[in-house]
Amino acid sequence: MSHHRDVEFRVAAERGDTPLLPGERIWGFWEFSYANSALAIATWAFLIGGATALFVGPKEGIAAIIIGNILGVMLVALPTCLPGGRYGLEQFTFLRSVFGANGSRLVYVLAVVFLTMGWLAVLGMMFGRSVDGLIALVDAHQASPTGPLALVLAVLSIVLTGWMVAKGPTSIKFFNMIVAPALVALMLGMLWMILQKHGFAELMAMPALAPPTENKHLNFMIAVEVNMAAGFSWWPYLGNLARLSKNERTAFWPNVVGIFGAASLGEIVGLLGAASMGNSDPTIWMTNVGGVVVGVVALGFIAFANVTSMVNILYTSIVGLRQIAWDSLRAMKWERLVALFCVIPVAIVIFTPGIYDGFFIFLVWTSALNSALSGIGIADYFLLRRQRVSLRSVFAAEGRSPFRFWGGFNPVALLALLAGFLIYVLIFNPQTLAASPLFAVLSASLPSCVLAGVVHYLLTRLLVIPKGYGDYPAAASARVNVGRSRAADR
Amino acid sequence: MDTMQDKERAADLEQRIRCYEELEAQAQWPGAMGAADYLAALLLTLGLVVVCYVWGCEP
Chain A
770 MSHHRDVEFR VAAERGDTPL LPGERIWGFW EFSYANSALA IATWAFLIGG ATALFVGPKE
830 GIAAIIIGNI LGVMLVALPT CLPGGRYGLE QFTFLRSVFG ANGSRLVYVL AVVFLTMGWL
890 AVLGMMFGRS VDGLIALVDA HQASPTGPLA LVLAVLSIVL TGWMVAKGPT SIKFFNMIVA
950 PALVALMLGM LWMILQKHGF AELMAMPALA PPTENKHLNF MIAVEVNMAA GFSWWPYLGN
1010 LARLSKNERT AFWPNVVGIF GAASLGEIVG LLGAASMGNS DPTIWMTNVG GVVVGVVALG
1070 FIAFANVTSM VNILYTSIVG LRQIAWDSLR AMKWERLVAL FCVIPVAIVI FTPGIYDGFF
1130 IFLVWTSALN SALSGIGIAD YFLLRRQRVS LRSVFAAEGR SPFRFWGGFN PVALLALLAG
1190 FLIYVLIFNP QTLAASPLFA VLSASLPSCV LAGVVHYLLT RLLVIPKGYG DYPAAASARV
1250 NVGRSRAADR
Chain B
7 MDTMQDKERA ADLEQRIRCY EELEAQAQWP GAMGAADYLA ALLLTLGLVV VCYVWGCEP
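Order-wise, the sequence lines are chains A and B. Be aware that the first sequence starts at 770, since it is given in our numbering, and climbs by one per residue. Be aware that the second sequence starts at 7, since it is given in our numbering, and climbs by one per residue.
Read the hints as simulated data drawn from the structure, not as lab findings.
Simulated coverage check for chain A against chain B, where a stretch passes if three residues somewhere in it have a Cβ under 8 Å from a Cβ of chain B:
#1 773 to 783
#2 786 to 794
#3 827 to 837
#4 847 to 856
#5 1006 to 1018
#6 1155 to 1162
We treat Cβ as the ideally placed atom computed from N, Cα and C, and that holds for glycine.
The task is simple: from the sequences and hints, build the whole structure.
If you want it as structure tokens, here you go:
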């Protein structure tokens, strides 16, 4: 095999076509921690912190951010990072073992495509509001965050994002290297300025901006749930990062430093800024925290950082979409696929601009799905497979693979997903924030995660394994025995 | 599977799969999470949840 071919196959493995070998993986503990932090330190952290300030005061908010994020990140890292770190498999290729090849495609559309489209719209609007606020500061007039200029700028930012992604990945790495450290500096600068204006004790005594209920404990649990949703929202992305790390341990522990630590820091700054300035929108409180010059610099940088965040998620989603897509979609021109993907976020910006102020509702809806996906992943990989997945079955032709289940879908896993989703909505309605008594004790994500895992485990034992589908250990060992006896007969 | 390129791709995939089958045959997977890792993750999570709940949540 020529050197040219070796390079080609290695690139194919990096893109997720085949498993990366341990020797090809590039990240140790600190490299993965840095990459994780760069991803987690993004402008949405300010939004999530600001949303937390609506429900509770800063003291309860810091507690809710830490509780929500550690639970969410840990429960996501177990079923995504550990298989990725062990086998070097692309996350949605690995998911064939849980949902079947077509089921994995369905999960991709539900978990990645919808999530990305929603975030593109929200971050686009944040860009529009930042630039609108910046112009207002320079021009010394009142900003209009919901005005036509902000909306036009939001649409333009999505078009700009699409254009950059259509051009390819070369520029993306360069922007990431600037944005992540600069955002850390901005956050620390903001934190310093907030603490200069208000002492720590004064900050901790501040009330919530807009508590949704009279019940303080319920408001605290809603804040925990929003932050758990933020932690669970890493589900679609973590596995594909972890496969680049050298082994299981370096795939798991950096999430505590990177995703949990960095995201929590950003959210706490967002929380304190919102609480101290009396407005949950970072594009508004940043204009008040440090005067005109600081406001212009901060808003200009937030606008720039938003575009890089948008470019990152759009690029990752479209690369993944081509991995799992059918041939017709894979054959489509890259530029056309990017353009089509941007149509819905643009429509959201134009027709439902209210998504920005209630973006946490959208975030919590995604948690109804991501928490159930985590529960199913934990039950399948740890309890049913005991951390063993046959790569031969993963890469077998779809018609002959043990993971073909029924028509390429594993109905048991999909039923478990539905059960987890429904119990979530029954316990806590993300749209109205109406909560059942159970929510005040258990939250909604945890019961959803547990129920989905239990349903998947029991129905797999009862229905899937006895039929010999899914290459689960019991079925696999039975087949090996059959093979041996046939060989002995011969 | 007709072309030489397809055959080479299949051989590359086979080589990668075999590498992992050999690793799986070993008693200990290199760099695998052990009981101490899982226990530490559990204690860290529970510790942070309990401490923050007691500190931050008003009764």
